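Student: Go ahead and model the full structure; you've got the sequences and the hints to work with.
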Amino acid sequence: MLIPRLTLHLLVCSGGEQALKTNFESEHPSSWFAELYQEDGLTGGHVIMLGADEASKAAALGALGAYPGGLQLGGGVSTENAVEYLEAGASHVIVTSFVFRDGRLEEERLADLVKLVGKQRLVLDLSCRKKEDGQYYVVTDRWQKFSSLALSEATLAYLAESCDEFLLGIDDELVSLLGKWSPIPVTYAGGARTLDDLERVRKAGGGRVDITVGSALDIFGGQLPYADVVAWHRQQQEAAGEPQWQQPSGSGSGGGGSQQRGEQQGDGTVLYRF
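For what it's worth, full-length UniProt numbering labels the leading residue of the sequence shown as 1, then goes sequentially.
I should point out that these hints are in silico values taken from the structure, not numbers from a laboratory.
The structure displayed is predicted, hence computed values, not measured ones.
A portion of the hints provided could be inaccurate.
Claimed, not checked - Each computed DSS-like pair below joins lysine-lysine, with the alpha-carbon atoms no more than 25 Å apart:
{"#": "1", "residue 1": "K131", "residue 2": "K180"}
{"#": "2", "residue 1": "K57", "residue 2": "K119"}
{"#": "3", "residue 1": "K130", "residue 2": "K115"}
{"#": "4", "residue 1": "K119", "residue 2": "K180"}
{"#": "5", "residue 1": "K57", "residue 2": "K130"}
{"#": "6", "residue 1": "K131", "residue 2": "K57"}
{"#": "7", "residue 1": "K203", "residue 2": "K180"}
{"#": "8", "residue 1": "K131", "residue 2": "K119"}
As the list claims (entries may be wrong) - Each pair of labels, with its calculated beta carbon distance range:
{"#": "9", "residue 1": "G207", "residue 2": "G51", "range": "20 to 26 Å"}
{"#": "10", "residue 1": "S148", "residue 2": "G118", "range": "42 to 48 Å"}
{"#": "11", "residue 1": "G206", "residue 2": "A150", "range": "20 to 26 Å"}
{"#": "12", "residue 1": "A150", "residue 2": "I184", "range": "26 to 32 Å"}
{"#": "13", "residue 1": "E132", "residue 2": "S176", "range": "34 to 40 Å"}
{"#": "14", "residue 1": "R142", "residue 2": "P68", "range": "28 to 34 Å"}
{"#": "15", "residue 1": "S152", "residue 2": "D112", "range": "41 to 47 Å"}
Each residue gets a CB set at the ideal place from its N, CA and C atoms; glycine is no exception.
Tutor: In structure tokens, the structure reads:
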């Protein structure tokens with residue numbers, strides 16, 4: 001399944017130092033993208049905040065409010081704000097640094113989150129990197145710090161008791177392992193640039209690993225046509241025998257006076273203008 005990604009401020013690293021850099025600036029508010037995902041039947045999209053400023057928070061809340069129950073929120077999530085984001089419309093909150101501190105899993109903190117919002121509303125970000133011993137370890141602080149938690153079938157089975165989904169991403173070997181090991185939905189996050197990348201993840205994961213696409217999309221300044229990705233997603237749904245997407249009544253005009261998002265073409269495709 002395709003999961004669209006909306007990142008509020010993109011972080012780049014140079015010379016070991018981190019700096020915030022604007023990767024793409026849109027004339028549309030975050031709510032516009034959320035409504036676009038909703039109209040195209042894309043669920044589970046990720047709204048990721050890489051900044052704690054009020055502008056980023058306002059943009060995140062705007063997206064959540066525009067598509068209640070259709071988006072997940074990540075970035076600085078803790079017991080202090082998780083409920084706020086869920087009440088604002090997030091279907092799930094994505095958690096990483098709050099439960100991984102000083103290189104280890106803080107099981108008490110994870111338990112506190114589960115008690116607060118329920119495992120069915122939690123997604124654990126298990127971004128990982130491979131070490132010299134051949135194992136994948138969870139990394140934090142934007143992939144900079146290794147934790148002591150190595151991924152294995154037993155690890156995923158244990159953590160699955162405390163969340164509804166896993167969020168990971170790095171390479172084909174890992175995707176293959178996730179497809180075999182994970183007892184709950186798992187999402188490969190980042191790195192997809194072409195439709196071939198989507199196919200590679202689908203095949204490597206045996207159809208059991210979802211994937212996010214963000215900055216590579218043309219709606220975010222990339223080269224990958226959004227319409228092509230939506231069409232690919234629908235092909236996967238049809239092949240899997242899933243219920244087909246139906247355009248919501250009133251969509252296309254955007255409702256409430258918002259601008260049109262797509263124009264139906266004679267061949268059944270949708271033309272998007274940005």
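Student: Decide, hint by hint, whether the structure agrees.
Tutor: Status of each hint after checking the structure:
no., hint, result
1, K131 with K180, "holds (21 Å)"
2, K57 with K119, "holds (24 Å)"
3, K130 with K115, "violated (32 Å)"
4, K119 with K180, "holds (22 Å)"
5, K57 with K130, "violated (33 Å)"
6, K131 with K57, "violated (35 Å)"
7, K203 with K180, "holds (12 Å)"
8, K131 with K119, "violated (30 Å)"
9, G207 with G51: 20 to 26 Å, "violated (35 Å)"
10, S148 with G118: 42 to 48 Å, "violated (27 Å)"
11, G206 with A150: 20 to 26 Å, "holds (22 Å)"
12, A150 with I184: 26 to 32 Å, "violated (19 Å)"
13, E132 with S176: 34 to 40 Å, "violated (20 Å)"
14, R142 with P68: 28 to 34 Å, "holds (29 Å)"
15, S152 with D112: 41 to 47 Å, "violated (25 Å)"
Checked against the numbered hints given earlier, this structure breaks hints 3, 5, 6, 8, 9, 10, 12, 13, 15; the rest are met.
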